[in-house]
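*Asks:* Residues per chain are reported as follows:
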Amino acid sequence: MIKEMVCVSCPIGCMLTVELNDNNEVISVKGNTCKRGEQYAVDECTNPVRMLTSTVRVNGGVLPVVPVKTAKPIPKGKMFDCMEVINNTVVDAPIRMGDVLITNICDTGVDIVATNED
Amino acid sequence: MLKYDLVVIGGGPAGMAAALKARECGVQKIIILERAATLGGILEQCIHTGFGLHYFGEELSGPEYAYRFIEELKKTDIEVKVDTMVTDILPDNVIVATNNTDGVMQIQATAIILAMGCRERPRGALDMPGSRAAGVMTAGTAQKYVNIDGYMPGKKIVILGSGDIGLIMARRMTLEGAKVEMVCELMPYSGGLTRNIVQCLDDMGIPLKLSCTVVKTHGLERLEGVTIANVDENRRPIPGTEQYVECDTLLLSVGLIPENELTRMAGIVIDPITSGAIVDEYRQTSRPGIFACGNVLQVHDLVDYVTQESQIAGEGAAKYILSGGKNNEYAENTIRVKAESGVRYVVPQNINRSTDKDVKIYFRVADVYKDTSVVVTCGDEVIYKRKKRKLAPGEMENVAIKLDDIAKLSENEITVKLEV
Ligand SMILES: Cc1cc2nc3c(=O)[nH]c(=O)nc-3n(C[C@H](O)[C@H](O)[C@H](O)COP(=O)(O)OP(=O)(O)OC[C@H]3O[C@@H](n4cnc5c(N)ncnc54)[C@H](O)[C@@H]3O)c2cc1C
Ligand code: SF4
Chain G
2 MIKEMVCVSC PIGCMLTVEL NDNNEVISVK GNTCKRGEQY AVDECTNPVR MLTSTVRVNG
62 GVLPVVPVKT AKPIPKGKMF DCMEVINNTV VDAPIRMGDV LITNICDTGV DIVATNED
Chain P
180 MLKYDLVVIG GGPAGMAAAL KARECGVQKI IILERAATLG GILEQCIHTG FGLHYFGEEL
240 SGPEYAYRFI EELKKTDIEV KVDTMVTDIL PDNVIVATNN TDGVMQIQAT AIILAMGCRE
300 RPRGALDMPG SRAAGVMTAG TAQKYVNIDG YMPGKKIVIL GSGDIGLIMA RRMTLEGAKV
360 EMVCELMPYS GGLTRNIVQC LDDMGIPLKL SCTVVKTHGL ERLEGVTIAN VDENRRPIPG
420 TEQYVECDTL LLSVGLIPEN ELTRMAGIVI DPITSGAIVD EYRQTSRPGI FACGNVLQVH
480 DLVDYVTQES QIAGEGAAKY ILSGGKNNEY AENTIRVKAE SGVRYVVPQN INRSTDKDVK
540 IYFRVADVYK DTSVVVTCGD EVIYKRKKRK LAPGEMENVA IKLDDIAKLS ENEITVKLEV
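Listed in order, the protein sequences are those of chains G and P. The opening position of the first sequence corresponds to residue 2 in this note's numbering, with each subsequent residue numbered one higher. The opening position of the second sequence corresponds to residue 180 in this note's numbering, with each subsequent residue numbered one higher.
Incorrect hints may have been included.
Residues from chain G shown here face chain P by an in silico Cβ test under 10 Å; the list is partial [as the list claims (entries may be wrong)]: (1) C8; (2) R51; (3) L64.
Derived EDC-like pairs: lysine to aspartate or glutamate, alpha-carbon spacing no greater than 16 Å straight-line [to be verified]: (4) G:K73 to P:E238; (5) G:K79 to P:E355; (6) G:K73 to P:E237; (7) G:K77 to P:E237; (8) G:K79 to P:E238; (9) P:K335 to P:E237; (10) G:K4 to P:E237; (11) G:K77 to P:E403; (12) G:K4 to P:E403; (13) P:K335 to P:E238.
Note that these hints are calculated values from the structure, not bench results. In this text, all values refer to a predicted model and were calculated from it rather than measured experimentally. We put the CB at the ideal spot given by N, CA and C, even for glycine.
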């Protein structure tokens with residue numbers, strides 16, 4: 002299978018053409034002008050991950066919500082499952098920067114941490 | 180009258196970095212005046228990550244980036260007044276500010292740093308017929324509703340303009356359960372970062388329609404839909420291409436404008452292209468002792484560059500204050516920096532020939548260019564030349580001019596341009 006994608010590792014944005022075999026393994030990457038492009042293509046085809054950011058409801062804080070992020074990138078396909086957990090979570094003030102608000106979200110092994118105070 | 184060595188107007192990343200740098204350079208009495216209830220500026224609502232890669236070498240969210248500077252400020256005796264709005268700058272660097280506890284105050288400053296940021300171009304700035312139904316707002320307003328106030332302004336959304344804030348909100352609202360129908364972009368290319376196109380639109384399955392605009396809004400009380408149309412190369416709608424799209428919310432992400440009301444009131448000369456003040460290499464404006472940095476000076480897309488620019492302004496203000504308010508004698512000693520063929524603007528616009536450091540000139544290009552060179556000339560002489568694989572209006576670029584080269588310039592004008 003052939004996949005086309007834009008490398009976003011730097012602003013040049015090379016068009017990459019990736020050749021995959023039936024086991025979804027990368028056979029070749031074309032169009033990249035540096036090594037990072039190849040790595041990006043392999044990551045995107047085999048295990049695409051994303052940082053997820055959102056807000057969590059707070060009881061008794063100054064503001065009704067506090068911003069949060071995944072402590073590490075999570076598999077791209079799990080973003081919406083994680084959103085559901087995040088949206089069903091309510092925490093009590095005070096919240097400090099970096100507080101862990103949800104542990105091991107959706108069995109990703111990644112925590113949801115506060116990115117501000119409330 | 181209150182007296183300070185340095186008054187910083189605006190407590191966003193620009194104001195905080197400038198104040199901290201001035202302190203580091205030895206300025207004693209510093210105060211930051213901030214209109215909002217907290218420091219941090221617009222970063223407080225930018226909860227996505229991607230800030231600080233250049234400056235901290237880490238990928239932080241907006242509030243986390245701001246927090247690092249807020250914590251630094253707490254370790255100093257730099258004063259901060261929040262909920263305080265500066266309303267005027269009088270001659271002799273006297274500032275008029277007002278808040279609920281102090282009422283109207285006059286503050287005598289030796290130097291002033293303008294760091295008021297920018298705001299989004301509102302609907303009024305667009306030529307779009309239709310009723311004034313609820314549901315039409317800027318992407319930044321929606322960002323505040325969702326990320327600070329904690330509620331969703333709509334369910335079925337069309338976004339006009341593919342600036343980064345619009346792209347970020349397309350993903351944010353999709354994650355929160357809204358259906359983002361499409362992003363329409365007037366130009367044949369997006370003004371946003373490629374990374375945002377991939378991760379905010381492609382990931383979420385949201386179509387990006389280039390050379391396309393909203394020609395009409397529908398609905399009386401609440402927006403019910405919009406009519407979109409393709410545009411020709413002169414950006415005029417092509418008759419017959421109209422299409423109705425049902426939606427309850429239209430987000431506008433059509434550009435930012437520096438917030439320069441105060442600057443104008445102070446009689447400072449404004450650059451018609453950047454809509455910010457004309458400044459020298461230390462970001463001093465046409466009024467001695469008044470400096471400008473961050474989005475009030477030129478619209479930045481990366482906060483890291485805001486921080487760098489603000490540190491330059493902080494250092495410049497410190498030099499001014501510590502030298503006893505000596506006005507640099509510019510007039511005949513100034514080198515003007517001009518933008519030409521493909522380069523839309525430059526900052527700084529002036530360089531003092533007797534400056535004491537290498538000077539980085541920041542600029543944006545007018546269009547997307549491939550395999551071109553950035554050239555800086557002085558008369559017939561080329562003083563800088565570098566090949567570039569790709570240049571785009573969405574990315575701010577810079578060239579560094581060496582101190583030795585500045586002193587040697589044969590004329591009082593240099594030009595930054597592109598060569599194909
Ligand atoms: C909606 C929006 C979203 C953005 N998203 C991103 C992003 O995702 N990534 C990115 O890198 N950049 C983003 N930017 C650009 C961002 O603005 C800059 O990175 C950075 O925040 C600019 O810093 P600043 O201090 O110049 O301005 P601001 O952060 O806007 O701070 C200016 C401060 O000055 C205060 N002020 C203004 N006028 C007065 C007055 N008269 N008296 C007292 N105080 C005053 C304001 O209240 C504000 O706190 C965004 C900008 C906007 C408008
Ligand atoms: S392949 Fe290399 S040069 Fe091309 S976009 Fe990716 S990182 Fe940039």
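*Asks:* Does each hint fit the structure? Answer for all of them.
*Replies:* Consistency of the hints with the structure:
no. : hint             : in the structure
1   : C8               : 8 Å, holds
2   : R51              : 7 Å, holds
3   : L64              : 6 Å, holds
4   : G:K73 to P:E238  : 11 Å, holds
5   : G:K79 to P:E355  : 14 Å, holds
6   : G:K73 to P:E237  : 12 Å, holds
7   : G:K77 to P:E237  : 20 Å, violated
8   : G:K79 to P:E238  : 21 Å, violated
9   : P:K335 to P:E237 : 35 Å, violated
10  : G:K4 to P:E237   : 30 Å, violated
11  : G:K77 to P:E403  : 33 Å, violated
12  : G:K4 to P:E403   : 38 Å, violated
13  : P:K335 to P:E238 : 31 Å, violated
Going through the hint list in order, the structure does not satisfy hints 7, 8, 9, 10, 11, 12 and 13.
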